[in-house]
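Trainee: Use the sequences and the hints to build the structure in full.
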Amino acid sequence: MHLHLRKALQDMRNNRFLNAVTIVTIALAVIIVGAFSLFVVNAGDLLNTWRQGIRLMIYLDDGIAGEKRAQMEDQLRRMPEIERLQFISKQEAMDRLRRQMSRHAALLEGLAQNPLPEAFEVEMRQGVERKVEALAQRIEQIDGVEEVAYGKQWIKRFGSLVELLRIISYALTGLFSGAAVFFVANTIRLILYSRREEVEIMRLVGASERFIRTPFYIQALLQGAIGGLAGIGILYLVYLFTAGDMAAALGGFGFSFRFLPWTAVAGAVLAAMVVGWLGCLASLKQFIVSS
Amino acid sequence: MQAADQPAIIRLFRVTRRYGAAKALDEISLEIPASAFVFITGPSGAGKTTLLKLLYLGLRASEGQVIVDGMNLARMDRHRIPMLRRRLGIIFQDYKLIATRSVYENVALVLEAAGAPRRAIAARVNTVLRTVGMEERRDALPPSLSGGEQQRVAVARALVGEPRILLADEPTGSLDSASAAVVMNLITRFHQRGGTVLVATHDHHLIRSVPARVIRLEAGRLAEFHHNPLNP
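Going down the list, the protein sequences come from chains A and B.
Here the first sequence stands for residues 43 to 333, where the numbers follow our numbering.
Here the second sequence stands for residues 393 to 624, where the numbers follow our numbering.
Just so you know, these hints were derived from the structure itself, not from any lab.
Among the hints, erroneous ones may be present.
What the hints assert, rightly or not - Below are the DSSO-like pairs computed for lysine-lysine, each with C-alpha atoms no more than 27 Å apart in a straight line:
hint, chain 1, residue 1, chain 2, residue 2
1, A, K327, A, K49
2, A, K49, B, K488
3, A, K110, A, K132
4, A, K327, B, K488
5, A, K173, A, K198
6, B, K445, A, K327
7, B, K415, B, K445
8, B, K445, B, K488
Said to hold, decoys possible - A few chain B residues that don't get close to chain A, going by computed Cβ distances all over 12 Å:
hint, residue
9, S454
10, R516
11, E527
12, L537
13, A573
14, M576
Quantities reported herein were computed from a predicted structural model and do not represent experimental measurements.
In this text, a Cβ means the ideal position worked out from N, Cα and C, and glycines have one as well.
Mentor: Encoded structure:
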C-alpha cells in the first residue's frame, strides 16, 4: 500500500494541472451543494422557531359582558392545542401599543376613546404548531369572536419555500455529483491516455491489473478527499464571515444561525471521495476494455 | 550438460497466427530445450516478432498449442498473464523504458510488480545495474541516455527478476557495433549461467558472433532449423 500511495502522489505531482482541475471541480460541487444545504437547514430552523413562537390573537366583539367572556375563556382553555391563555383588556392593549410606539406616543394622545378591542392572547403547545390554521378556524366559530390573527399566509408560504428549496438541494446534489464524476472520469482518462505506453510497459514486465490500477484509485480518493475538505473549508470560512451579519439580521426572531452538523460535513467529504472513486472506476473500465 | 540433453522449455505444436485472412505464422512446430541459445531469423515480415509475441502472450495463437515453461498459453486466463511474464525477461528494439521514471525505477518496477520487499528490491536492482555498468546513472531519466545505455537498462530490467527465459526482439537493431557487442555480451553471460535465450534478428553478423541454434522463418513458415557452425 505504501508503494501504491507513493506512486499515486508521484502521479499527482507529475499531472499537477489535471489533478488541480479535478480537485477544484469537486470543491466547487461541494461548495454549491453545501451552501444550499446550509441555507435549507437554517431556513428549516428559522421556520420552526417561528412556528414555536406563534401567538394567536383572538379579538373579541366590542362590549362583551364579563360572564360571556369567562365562558369563552373556559371554552378556549379546554382546547388541547392551547398551552397558555391571557386576557388583554382594552386598556392593556393600549398600554402595549404605547410601549411599542414609545417614540411616537404623541400620536396616540389625540384619541378621544380607546379604539382597540379586547383580546385573548393564545400560546400554542409545542409540537402542534402545524395545526395553527385549523385551530384558528375553530376559534373563529365561537360566538363573540371578531377575528383571529396570526401570520398564517406568511408561515405557510415560507414553509412551502423551504420545502421547495429542500427538493432543489436534492436535485442539485445529484446533478453536481454526476458532473463531478464525469470530470474525475475525464481527468483520469486523460492521465491514462498520456500514460498508455507506460501502462503497456508495466503489463509487459508482469504487472497485474490491480498493481496498475491501485495508484489510480488512491489518486481519485485523494482528489475526492482534498476537494471535499477544501469545499467544506471554504464554505466554513464564508459562513464565519457572514454568520454574524445574518444572525444580527434575524436576531429579533430569537434564532441562531448554525453551520452544517459534523455528520453532514463527514458525509460531504465521504461523498466527494465516492465521487472520485466512481469517476476512476468509469474511466478505468473503459480504458481496460479499449486497451 | 548440453542444451540438447535438456527437456524442452518451449514447445510449439502446429501454431498458426492470422491477421485477418493473412497468415503471419503457418503451422509452426518446434521445441527449444532449456538452456539453449536460439536465433530466430528471416526477412522482414517473416513472422519473427509474431513468434516472440506468442511466447509472452503479446498475441494469442489462432490455432495450435504453445507451451512455455510448463504453462499452456492457449488456455491461459488473462489474469494469469503477469505470472507468465514474470518468468520471462523481454528485450525490445525500442527499449520500452518509461521515460518519466529513473533508470533505477524502471528496473525496480519488475520486482515491485512481483511484490518483492523494498530492501530486497534495492539490493537486487543495484547488483544488476552494476552488472550492466549503469550503476552510476541510476537516477538518470531514459531520454538523457544514449541508445546503448538505454538498451543496457532494458537488459538489466529483463534480468532483474531472474527469469528462466530471455526473449529479445532485434536487441541490437538500433545500436552501433560497440554498444551491440556490450549488449550481446550481457545476453551471452545470462545464457552461460543456464538461461534459455531466444533472439529475433535479421543481422547475420550478430548470428555469427554467438554459437547458437538458428531458426529461419520465411513467410510465416519454418524454413530451416540448424546449428550455427560456431555452435560446439
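Trainee: Give a verdict on every hint.
Mentor: Against the structure, the hints come out as follows:
| no. | hint | verdict |
| --- | --- | --- |
| 1 | A/K327 - A/K49 | 20 Å, holds |
| 2 | A/K49 - B/K488 | 20 Å, holds |
| 3 | A/K110 - A/K132 | 16 Å, holds |
| 4 | A/K327 - B/K488 | 25 Å, holds |
| 5 | A/K173 - A/K198 | 11 Å, holds |
| 6 | B/K445 - A/K327 | 25 Å, holds |
| 7 | B/K415 - B/K445 | 15 Å, holds |
| 8 | B/K445 - B/K488 | 15 Å, holds |
| 9 | S454 | 21 Å, holds |
| 10 | R516 | 14 Å, holds |
| 11 | E527 | 20 Å, holds |
| 12 | L537 | 16 Å, holds |
| 13 | A573 | 25 Å, holds |
| 14 | M576 | 22 Å, holds |
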